Amino acid sequence: MVVSARGRWVSGSGGSSSGGSSSKAAGALAPSSFLASSIRATGGKKGPAPMVTRPGGEMVAAAAGSNGATIRPALTANALVQRDISTIVVPIGGVTEEGAACPGTSLPRASVNQANRNGTTVGSLFGQCSHGKSRLTAANSLVTSLVKLPCEGNTWGVPWSFSKCDFDDFNGWADAADEALRARGVMLERYKYRVYLVPPSACGFVGLGYVGCDGSYTCRAWIGSAFWDSPPAITHELGHNLFLGHSSTANEQGQVDEYGDFTSIMGYCCESRCLNTPQAWQMGWITLQQLDSSSLKPGQTVQLRLASQALAQQSGARVDVSSWVAGVDPIFVGFRTVDRGDRGLSAGAAGRVHVYTAPTSHTFDSRPTLWKAGLEAGQSWAQPASGVVVRHQGTDGGLALVSVCRSGGTETMTSCTTGVDNDCNGLAGVDDPACASMMRLGVGTETTNKG
1 MVVSARGRWV
11 SGSGGSSSGG
21 SSSKAAGALA
31 PSSFLASSIR
41 ATGGKKGPAP
51 MVTRPGGEMV
61 AAAAGSNGAT
71 IRPALTANAL
81 VQRDISTIVV
91 PIGGVTEEGA
101 ACPGTSLPRA
111 SVNQANRNGT
121 TVGSLFGQCS
131 HGKSRLTAAN
141 SLVTSLVKLP
151 CEGNTWGVPW
161 SFSKCDFDDF
171 NGWADAADEA
181 LRARGVMLER
191 YKYRVYLVPP
201 SACGFVGLGY
211 VGCDGSYTCR
221 AWIGSAFWDS
231 PPAITHELGH
241 NLFLGHSSTA
251 NEQGQVDEYG
261 DFTSIMGYCC
271 ESRCLNTPQA
281 WQMGWITLQQ
291 LDSSSLKPGQ
301 TVQLRLASQA
311 LAQQSGARVD
321 VSSWVAGVDP
331 IFVGFRTVDR
341 GDRGLSAGAA
351 GRVHVYTAPT
361 SHTFDSRPTL
371 WKAGLEAGQS
381 WAQPASGVVV
391 RHQGTDGGLA
401 LVSVCRSGGT
411 ETMTSCTTGV
421 DNDCNGLAGV
431 DDPACASMMR
441 LGVGTETTNK
451 G
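Using UniProt numbering, the letters of the sequence shown map in sequence onto residues 1 to 451.
For the record, the hints were derived by calculation from the structure and aren't laboratory data. Predicted model only: the values in this text are computed from it and were never measured. Cβ atoms here follow ideal geometry from the backbone N, Cα and C, with glycine treated the same way. Possibly wrong hints are sitting among the right ones.
DSS-like, lysine-lysine: derived pairs with alpha carbons at most 30 Å apart [as the list claims (entries may be wrong)]:
1. K133 with K372
2. K164 with K372
3. K192 with K148
4. K192 with K46
5. K192 with K133
6. K133 with K46
7. K164 with K148
8. K164 with K192
9. K192 with K297
Restraint-style ranges between C-beta atoms, simulated for each label pair [stated by the list, open to error]:
10. A347 with T137: 28 to 34 Å
11. A347 with D396: 20 to 26 Å
12. V430 with M51: 42 to 48 Å
Given these sequences and hints, build the entire structure.
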């Protein structure tokens with residue numbers, strides 16, 4: 001196993017950072033402490049390619065192109081990442097022999113009465129967001145009673161202390177907590193995932209977790225003291241264990257906000273919501289309609305009907321633009337509503353068709369995703385590199401009506417007279433000003449883009 005930690009060195013004057021399911025958490029830090037923002041453990045696991053099948057249901061009713069043919073896009077799905085999310089959650093306290101909090105810490109702030117005040121649990125998020133495919137339940141998981149550790153110790157020859165927050169420290173707390181639990185007779189090997197709730201201390205993070213656990217090493221995550229009672233924070237870190245990266249956005253200048261996607265629990269903490277569309281597909285939780293160069297040709301528009309991702313496991317679409325333009329990530333399209341695991345979805349995200357790009361290619365591909373747009377009815381998003389335009393046309397019977405167009409260049413007399421939206425502006429024939437002018441004059445270019 002190779003463990004890589006990202007973060008920064010900070011001075012003893014204090015500092016703040018965000019990690020894992022981050023909001024900005026500050027803490028007093030020891031001199032020359034390393035404040036980690038993410039931990040990646042790599043074991044070289046690579047998943048199988050996504051399965052692609054022909055559709056068997058009536059979700060797809062797609063009409064397109066200059067030949068008027070009806071197209072039913074293929075369906076694509078990944079292997080399920082994990083059925084049983086067997087997890088042990090371990091609250092930790094650093095205490096002196098007299099029972100007081102260790103110097104630099106305080107006693108845990110959260111109690112069981114504070115947790116799950118709105119009915120959301122880690123188990124409900126996994127169960128609902130996966131459509132019952134992945135389960136974290138009382139039958140396969142455990143929350144232990146508080147594990148009290150001394151103020152400093154040495155595990156496997158590595159010293160640790162509650163006075164600072166280096167990797168050796170919080171990893172040492174986990175080692176020591178494991179030893180204490182084994183002494184109680186707890187069979188740790190029953191649980192694939194271990195989540196440690198760290199006490200108020202020098203650690204200023206919301207959470208940290210190994211990115212990707214292939215079973216060759218102990219899979220760990222840590223939750224900061226202010227977030228013990230936050231199911232989204234714990235779910236986020238377990239998401240890292242399950243090979244998920246962060247959900248990002250980028251501004252017009254290309255500056256990336258690593259946690260900026262408010263449609264995914266792998267973005268900023270702590271609204272209760274599910275994964276974004278490419279991540280849910282990565283996990284094997286949803287099946288997507290797929291378009292590529294064979295089903296979306298230049299000058300062609302495909303009409304899709306998308307179910308809410310929270311309500312149907314067959315929802316959303318993937319447009320593999322890499323099949324006709326190299327170096328451009330596939331486009332993902334999903335429809336989100338305030339239902340089930342998405343009941344905490346923000347008002348600005350609900351009822352919209354969301355567009356993402358992501359290089360994700362299999363279940364264990366932890367590369368981050370990039371949110372591009374949230375479309376209200378009548379709005380569109382364009383990707384100049386591929387010539388694709390995604391347009392949210394409205395809703396019908398709870399389904400989002402979405403058109404996906406691949407530009408074939410400027411309008412021609414042929415495209416105008418056959419009613420093809422060659423330039424993907426959402427208009428065709430006499431309704432398109434370019435066509436109206438051309439048809440009125442009776443002249444026009446006949447060149448089109450091929451490919």
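A quick look at each hint next to the structure:
1. A distance of roughly 28 Å separates the Cα atoms of K133 and K372; the hinted pair therefore holds under the 30 Å criterion.
2. For the proposed pair K164 and K372, the alpha carbon gap of about 39 Å is over 30 Å, so the pair is violated.
3. Simply put, K192 and K148 have alpha-carbon atoms about 23 Å apart, close enough for the 30 Å limit, and the pair holds.
4. Our distance criterion of 30 Å between C-alpha atoms is met by K192 and K46, whose separation comes to about 19 Å.
5. As the CA atoms of K192 and K133 are separated by approximately 17 Å, the hinted pair is consistent with the 30 Å bound.
6. Of the pairs offered as hints, the one joining K133 and K46 holds, with about 21 Å between alpha carbons and a cut-off of 30 Å not exceeded.
7. Taking the CA atoms of K164 and K148, the gap is about 17 Å. The hint holds against a cut of 30 Å.
8. A hinted pair counts as satisfied when its Cα atoms are at most 30 Å apart, and K164 with K192 qualifies at roughly 28 Å.
9. Distance restraint check for K192 and K297: the Cα-Cα separation of roughly 46 Å exceeds the 30 Å cut-off, and the hinted pair is therefore not satisfied.
10. Hint check: A347 to T137, Cβ distance near 31 Å, so the stated range 28 to 34 Å holds.
11. Remark: the range hint 20 to 26 Å for A347 to D396 is upheld by a beta-carbon distance near 22 Å.
12. In this structure the hint that V430 and M51 lie 42 to 48 Å apart at CB holds, the actual value being about 44 Å.
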